[in-house]
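Colleague: The primary structure of each chain is shown beneath.
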Amino acid sequence: MKTFDYLAAFYRHEHNSREFVGQVDSLLAAEEASVRAIPFGCEKASLDWLDGKVCGDKKVTLLYCKDHLAAFRLDYSFTENGQEKSETGRFFVMQQADLPNVFVAFSLESAQFFRRALQPFLLSLYPTVMMTFVSHRKMKRMLDAFKTEGDFSDLIITRASQRLRYQEGNQTKRIMPMVSWPEMNLDEAFQWIQEHNGWFQSLEFEAMSRERKLGTIVLTRQGIVRADALFSRAYQTFIVPTCKTIDANLKLFSHRARLERPDASALPLVIDFEADQFQDVQENRRLIQAMRLLKSASVSVLHGNPYVHLSVLDYIDGSAFDLWVLDHRQLVIVPQLKASIAAIKRLINHIFDDYAEGRLLDYQQPQT
Amino acid sequence: MNQEQAFKDEIDNYNDSLFAIIGFMNFYRYDDTTRSMRSDVLVFQGRTLTPSEAKSKNEAGETVHFVTPDLGILLPDGKGILGEVKRSFPLDTARWLDDFKQLMGYDDDLTGWPNDSQKVTAHDIVLLLHQSRAIKVKNYFTENSPKDIHFTRPFSIVEFNRSSQGKEYFFFRNVSGNVSDQNLASRLEEGINVPMGIYLIQYSTVKLYDSTPPLPYLLELIWTHVVAVKVTSIPGYKIPAKKQKVKIELALDEISERLEKNFSFHGLQQGHANARQPRVLKDTALQQACAALVKFGDAEWTDTTKTKLSVNFVKREDVLDYFIKCCTKEPGNNGQMDLFNTKDKGIS
Chain A
76 MKTFDYLAAF YRHEHNSREF VGQVDSLLAA EEASVRAIPF GCEKASLDWL
126 DGKVCGDKKV TLLYCKDHLA AFRLDYSFTE NGQEKSETGR FFVMQQADLP
176 NVFVAFSLES AQFFRRALQP FLLSLYPTVM MTFVSHRKMK RMLDAFKTEG
226 DFSDLIITRA SQRLRYQEGN QTKRIMPMVS WPEMNLDEAF QWIQEHNGWF
276 QSLEFEAMSR ERKLGTIVLT RQGIVRADAL FSRAYQTFIV PTCKTIDANL
326 KLFSHRARLE RPDASALPLV IDFEADQFQD VQENRRLIQA MRLLKSASVS
376 VLHGNPYVHL SVLDYIDGSA FDLWVLDHRQ LVIVPQLKAS IAAIKRLINH
426 IFDDYAEGRL LDYQQPQT
Chain B
-9 MNQEQAFKDE IDNYNDSLFA IIGFMNFYRY DDTTRSMRSD VLVFQGRTLT
41 PSEAKSKNEA GETVHFVTPD LGILLPDGKG ILGEVKRSFP LDTARWLDDF
91 KQLMGYDDDL TGWPNDSQKV TAHDIVLLLH QSRAIKVKNY FTENSPKDIH
141 FTRPFSIVEF NRSSQGKEYF FFRNVSGNVS DQNLASRLEE GINVPMGIYL
191 IQYSTVKLYD STPPLPYLLE LIWTHVVAVK VTSIPGYKIP AKKQKVKIEL
241 ALDEISERLE KNFSFHGLQQ GHANARQPRV LKDTALQQAC AALVKFGDAE
291 WTDTTKTKLS VNFVKREDVL DYFIKCCTKE PGNNGQMDLF NTKDKGIS
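Chains as they are written, first to last, in the working numbering: chain A, 76 to 443; chain B, -9 to 338.
The following block holds chain A by itself, in its conformation from the complex (with noise of 0.2 Å):
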C-alpha cells in the first residue's frame, strides 16, 4: 500500500516565511524526515541573484519566492562507481526579518544531497555568501538556553566530532580531528573539550524528557542545524541567535579597509581572550605556528619576541592585516588597504579554531 507522501505534498504548497518553520515542525511529525537549516551572511540582501546561478555542474533555479521565503531547485551531477549521475533536489532559502544581509537555507532532503550538492553550492559562493562560526562558549550558552526553555529532562551527546587546537611538541601536525561517540552529558562533554584545548565541530545530541526521547538534534560549529523533531524549538535556540551574530559581525567586520576611508585610518579589531594568555612568552610562538596553519596566505614575522608582530596577506582577495600582541590579554588586528568582510571573518574563524577563542571587540585606544 502506497503511504501518502507528506515530502511531496509540502513541495507542491507554496510556503511563505511566516509560517515556514512550524510547517517543516509539523512535516516531521508526520513523515520520518530530518530537516537541515544552515545560517549564512550574503553581500547582497536579495535572493534573486542566485535564480539561475551555475557552479560546476550545480544550476539553482529559483521555483517560486514569497514573502522573503524562496523556494529553489538545485540540478547537480556526479560520479557514482565510474558512472555519471545526475540528481535534483530542492531548498527554500529565508531572508531574516529586519536583518537584509543574514539568510537560513533549509533542505528536507538527503544527506547525499546535502553533502554533495547544496553544501559545496553554497561554499562555492563565497566570499558572497559566508558560513559563520559558533564560538566553543556560545555553543554550550546555546544548549544550556534549548535545554532550561524547551524544560528537557537531559541532553545526551550520542556523537560528537572535535577538534584540538595546536600542541607543542606536535608542531608539524594541524589539529586533529576526532569523532566519538562519549555519550556524556553537556557539561561533562564541554569541559573535556576545554581540558583538551579543543572545540566541538558538530555535537549529536538526543533531547530527553525523563525516559522518553522527544528528538535527536545536530548543532555544527558553522551554525548548522539538523533535527528530526522539535525543530521550531531548535530553530529559536540555535537559528535565531546565530543569524543575529552574522549580523552583528557582518556590521563589525565592514568598511574596515583603509582604501574605503577617506584619510586611509585604520579601524583594528581586538580579540579579548580575557586570561593571560601571553604570560609565557611561549605563548607568542603557539601564536605564531597556528598563524602559519592559515592556508592560502602569507605570514611574516616582523616581531615575535617579546611582543608579536606579524603582517598577514590573504590571497584570496587581496586582504592584509598586521597582528599585534602587546599585552597578556589582547590580540589586535588591523586591517590593512585591504580588508574584506569575508577576510576579517576567515582570519578570526582561523584564529579560533587553531590558536584560542576570545571575545571579539572594537579597538578602543588605550589611555596612558
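Hints are not guaranteed to be accurate.
[To be verified] Restricting the straight-line Cα-Cα distance to at most 20 Å, the calculated cross-link-like pairs of lysine to aspartate or glutamate (EDC-like) are:
id	chain 1	residue 1	chain 2	residue 2
1	B	Lys220	B	Glu307
2	B	Lys228	A	Asp392
3	B	Lys228	A	Glu118
Treat the hints as calculated values from the structure; they're not laboratory data. Here the structure is a predicted model, which is why all the values come from computation and not from measurement.
Given the coordinates of chain A, assemble chain B onto it according to the supplied hints.
Modeller: The following block gives chain B in isolation, referenced to the frame of chain A:
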C-alpha cells in the same frame, strides 16, 4: 651573526626608530587632559628646511641647500623642536662627530617651518638614542663640548628602549641637557614609559620614514600592499594555483605614491605637506627595490628607462622570509647595517 639575522635586526632597528619618532612627537601632540591628539601641534618628518646665510656653507665650502631632520614639531606658541633618531651609533667613534655636525646644522635660524612665516621664534634640538649607546655618546658629547660640538639652542640627548612589564612599553629618559617644556623636562628626567598599545594604529600605518628601509622590509611592503592589492583588484581575479604566476604592470611612481600616501608620516601631517615635504621613499631606494625584484626573478623591466615593471605575482607562505632569503643570497651583501649614510642631506 648570520646574514638572515642581520636583516631581521636591521628591520627591528628601523621599526624601533619609527616607534621612537612617533612616541617622541606624541609627547607634544597628546593632550593628557582631553586624552586626545592636539590639532594645534603640527608634526613633520623628513621636511627640508633651508639654512640661514651664516650656515649655508659647510666646512668644505660646499653649499648646503637644506637640512632634513628626522622629526619636527611646531607648537602653537610659534616655538618648535627638531630631532634626530639613532637606533645605534657607528662603532667607529671617529664618525660620531659627523653625526653631531648634522645636529649642529639644526642649530640655526632655519626657514621652511609649516607656518605662514616659515620661521619659529625658538626651537630645541633633540638627539634620540637607543639606551645601549646613550651614555657613551653623552660622554663623547661632554668631552668634545664646546670645543668641537657646540649648540646655541637648547640641546638634549634622550635615550629610548623597549621594555616588557606585562605590557610592552617604549621608554624615554633624558641623559643630557633637557627640553624647554618644563613639564615634559621633569617627566623625562624620571623617565617616561609609553605603552606601545597607545600608538598601535600609528605603528601600523606609518611604516616608512626618510631613512632608507631595509631592502627585504621594503620589498614585503611593496608585495603585500601594492602588488597584491593591484593583482587582486583585476576583475575576475582567482587565487593563483601553486607556482602559477599572475602578471601585473606597475609603474615605479605608482608604488611610490601608494606607499607614501598610506605608510609614511603623510597621515600625521595635518595638511601642511608641500614641496618642502619630499617623498620619504627616495627614488634610489625604490629603484634598488625594483631592481631586486627583477634580479630575484619576480619582475621584468618593461621599458628601457626602468620606470615600469611587469611583476610575476605568486603565492608565498612568508613574503618577508622569502625576500630576506633572496637578499641574503646576494653576493657582496654582508648583512651589515648602514643606517647613517643613507639620507640625502642636500650637500652639493
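Colleague: Each hint needs a verdict: does it hold in this structure or not?
Modeller: Hints, verified against the model:
1. B:Lys220 with B:Glu307: Measuring from Cα to Cα gives roughly 19 Å; hence the hint holds.
2. B:Lys228 with A:Asp392: holds (8 Å)
3. B:Lys228 with A:Glu118: holds (18 Å)
This entry satisfies every hint, going by the numbered hints stated previously.
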